[in-house]
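Asker: So you can see what is in the structure, the chains are spelled out below.
Number of protein chains: 2
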Amino acid sequence: MNRRHNFNPGPAALPLEVLTQAREEAVEYGNRGMSLMEMSHRSPEVERMVEETRELLLGLLGLDDRYEALFMAGGASAQFGFIPMNLASAEAPGNYVLSGSFAEKAYLEAMRAGAAVAAASSKQTGWRAIPKLADIQLAEHAAYLHMTTNNTIEGTQLRELPDVSANVPLIGDMTSDILSRPFDYARFGLIYASAQKNLGPAGVTAVIIRRDLIERSAKADIPHIFRYDTFAQHDSLYNTPPVHAIWMMKLMLEWTRNQGSSEVLGERNARKACLLYDAIDASGGFYEGIAAAENRSMMNITWKLTDERLEASFLAQAEKNGFEGLAGHRSVGGLRASIYNAVPEESCAALASFLREFVRNHG
Amino acid sequence: MNRRHNFNPGPAALPLEVLTQAREEAVEYGNRGMSLMEMSHRSPEVERMVEETRELLLGLLGLDDRYEALFMAGGASAQFGFIPMNLASAEAPGNYVLSGSFAEKAYLEAMRAGAAVAAASSKQTGWRAIPKLADIQLAEHAAYLHMTTNNTIEGTQLRELPDVSANVPLIGDMTSDILSRPFDYARFGLIYASAQKNLGPAGVTAVIIRRDLIERSAKADIPHIFRYDTFAQHDSLYNTPPVHAIWMMKLMLEWTRNQGSSEVLGERNARKACLLYDAIDASGGFYEGIAAAENRSMMNITWKLTDERLEASFLAQAEKNGFEGLAGHRSVGGLRASIYNAVPEESCAALASFLREFVRNHG
Chain A
1 MNRRHNFNPG PAALPLEVLT QAREEAVEYG NRGMSLMEMS HRSPEVERMV
51 EETRELLLGL LGLDDRYEAL FMAGGASAQF GFIPMNLASA EAPGNYVLSG
101 SFAEKAYLEA MRAGAAVAAA SSKQTGWRAI PKLADIQLAE HAAYLHMTTN
151 NTIEGTQLRE LPDVSANVPL IGDMTSDILS RPFDYARFGL IYASAQKNLG
201 PAGVTAVIIR RDLIERSAKA DIPHIFRYDT FAQHDSLYNT PPVHAIWMMK
251 LMLEWTRNQG SSEVLGERNA RKACLLYDAI DASGGFYEGI AAAENRSMMN
301 ITWKLTDERL EASFLAQAEK NGFEGLAGHR SVGGLRASIY NAVPEESCAA
351 LASFLREFVR NHG
Chain B
1 MNRRHNFNPG PAALPLEVLT QAREEAVEYG NRGMSLMEMS HRSPEVERMV
51 EETRELLLGL LGLDDRYEAL FMAGGASAQF GFIPMNLASA EAPGNYVLSG
101 SFAEKAYLEA MRAGAAVAAA SSKQTGWRAI PKLADIQLAE HAAYLHMTTN
151 NTIEGTQLRE LPDVSANVPL IGDMTSDILS RPFDYARFGL IYASAQKNLG
201 PAGVTAVIIR RDLIERSAKA DIPHIFRYDT FAQHDSLYNT PPVHAIWMMK
251 LMLEWTRNQG SSEVLGERNA RKACLLYDAI DASGGFYEGI AAAENRSMMN
301 ITWKLTDERL EASFLAQAEK NGFEGLAGHR SVGGLRASIY NAVPEESCAA
351 LASFLREFVR NHG
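Chains as they are written, first to last, in the UniProt record's numbering: chain A, 1 to 363; chain B, 1 to 363.
Hints may contain errors.
Same chains, same names: a pair is fine if it fits in one copy or spans any two.
Listed next, the in silico BS3-like pairs over lysine-lysine satisfying Cα-Cα at most 30 Å (straight line) [to be verified]:
id : residue 1 : residue 2
1  : Lys219    : Lys123
2  : Lys304    : Lys320
3  : Lys320    : Lys123
4  : Lys132    : Lys320
5  : Lys320    : Lys219
6  : Lys219    : Lys105
7  : Lys304    : Lys219
Hints were generated in silico from the structure; no laboratory data involved.
Based on the sequences and whatever the hints tell you, model everything.
Answerer: Put into structure tokens, the structure is as follows:
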């Protein structure tokens, strides 16, 4: 097989080793005489597999047993609803930093759940920048402060977190940059990430939550299936979980661990991003980065052609040269290269060469 | 590989052909140079795959375009919350027929969503029987009448549906018997089924909904990600769906179609069930069926050993003889054989022989 250079924004590239393992166990899991997909979620093997995934994830995040990792369904978008339903109320609303379209969506969904205020917004920049930490204004009775650490669509990324009072937990949507760099995850009370960027294929969402917030969720007057404490009490096996998706996350986490430390991964991701930003910045104005320079993401590189009439031709030639997924999000246009952990450095180098070559041929 | 005789209650047996296909495409989908799990859910291939799954499902159910099929996450348990949130209110509550533990769970979750009354209950029989249709009492302003067509844990199954006024839609939890027999699915306004019994592995839930109910859901004041009309408007691609799970459902639906008509499947399932009920009934009191005779399920056969001290030995020997998943649900005890569409007739014949042999050795 001729593997494509895969820059899809999510679902996204997976390591070939992980796919090969998935193939090996598709029909029979170990020597069990059946596939993992045919096994009861109450079997010791599946319970152990889920437990190992949880331990791997908390270990890679460097979090101790003040935290629990839950495996939920419905993607980060479902968390946009579950978070306020579990943790906020009209009297103590969730506070939201609006830094991009997904952050705004989280805020709007929390409004519909009856419990949100905006703490800061950079919408007037067209989401090219992230609000300054100094501009964040918390409501008097804030249930939490919600931030999106990486804005997938716009290609911006948080460098640091605000200092907030200890009784206002920070909540982070880290869907598109979890485990991509050294990070003090303990700054957050709750982190969530749907799998399909750095944690495996689509189908499961990791929710890492501190025990005081689990306890708070136990008081929410909502169906039990939506409560974090239900998932925590039953080790994510209250009802049938997406077993195959959790198993793929386990394979992906093992691969991540085998890459070395978070420093190693962070440095590799920075090199990958630099290859592309350098090609954009050195193009003499042929390409133009979309994100504000100080907020540039190491995961999603967004840019455009100054002469937008060349865009279709760029995409067609990229396609022909083995590059996949470079069209920008339909709400933004332009171009985007998503370079999550599983995207090899060589793919970024190849794309950087292609960028330069395209300038030579059309500049 | 020595395949086990798989009687798991769900996740459950899958056809070997389906697993083999899954293996073939695990690393590369078609000739696309990447796995399906690495492809964007906005790519033409994935959009087409989801569309084909939808058409296959509606076709097998014999439903026309008054209905839409949605692919959602979170299992049937999440629907226990979504249904009242979308379709009921304190003024017009959902009405529930309590026929088993999952039916009761659906009712309790709807109560927590603020909008449910019980229309009938057979709890006093220990769920051994299903309420009689004549005993169903609808509230004056019923938003819908919810029924569980097959009670997985207790092993009972509905033979017919009640006649209710046209403005009270019937809602059916058909998780454990969808597509198992000839059935007039158009009697329902909404049908839901999590995949892991007759529709594939765990990770996605099919929601088949009539258009008037989609319109009603559009008025619900809840986060958009929980609204049926959001999924309908976006062809289940509003956010990233569980692509792999939907694809496995497609393979499973193709296999189902290839078995022949619903009559063929229904007759085969009846033969499978008879093999086991006959072995239980002809045991001279050694085994005893749990469900009331007139409510016996063709999907989940529940029984116990009259001498319960033999149960552990029965399970150990069954295990040794290649039979998987025969322990009853922890809330009921006893034994259970789940014989969904993908469980071969030969597995049921082998289990029936084993049942008789165990009587000979211990009776």
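Asker: Within a copy, between copies, both or neither: which one fits Lys132 and Lys320 at a CA-CA cutoff of 30 Å?
Answerer: Answer is neither; intra-copy 41 Å and inter-copy 65 Å both fail.
Asker: My question is about Lys304 and Lys219: at a cut-off of 30 Å on alpha-carbon distance, are they close within one copy, between copies, both, or neither?
Answerer: Classified as neither; 48 Å inside a copy, 40 Å across copies.
Asker: Could you figure out if Lys320 and Lys123 sit no more than 30 Å apart (CA to CA) within one copy, between two copies, both or neither?
Answerer: neither (36 Å within a copy, 64 Å between copies)
Asker: At most 30 Å between C-alpha atoms: does Lys219 with Lys123 qualify within a copy, between copies, both, or neither?
Answerer: between (34 Å within a copy, 28 Å between copies)
Asker: How would you classify Lys320 and Lys219 at a CA-CA limit of 30 Å: within, between, both, or neither?
Answerer: neither (55 Å within a copy, 46 Å between copies)
Asker: Given a CA cutoff of 30 Å, do Lys219 and Lys105 count as a within-copy pair, a between-copy pair, both, or neither?
Answerer: both (25 Å within a copy, 19 Å between copies)
Asker: Check Lys304 against Lys320 for me: Cα-Cα at most 30 Å, and say if that holds within a copy, between copies, both or neither.
Answerer: within (19 Å within a copy, 64 Å between copies)
When each numbered hint is compared with the structure, violations occur for hints 3, 4, 5, 7.
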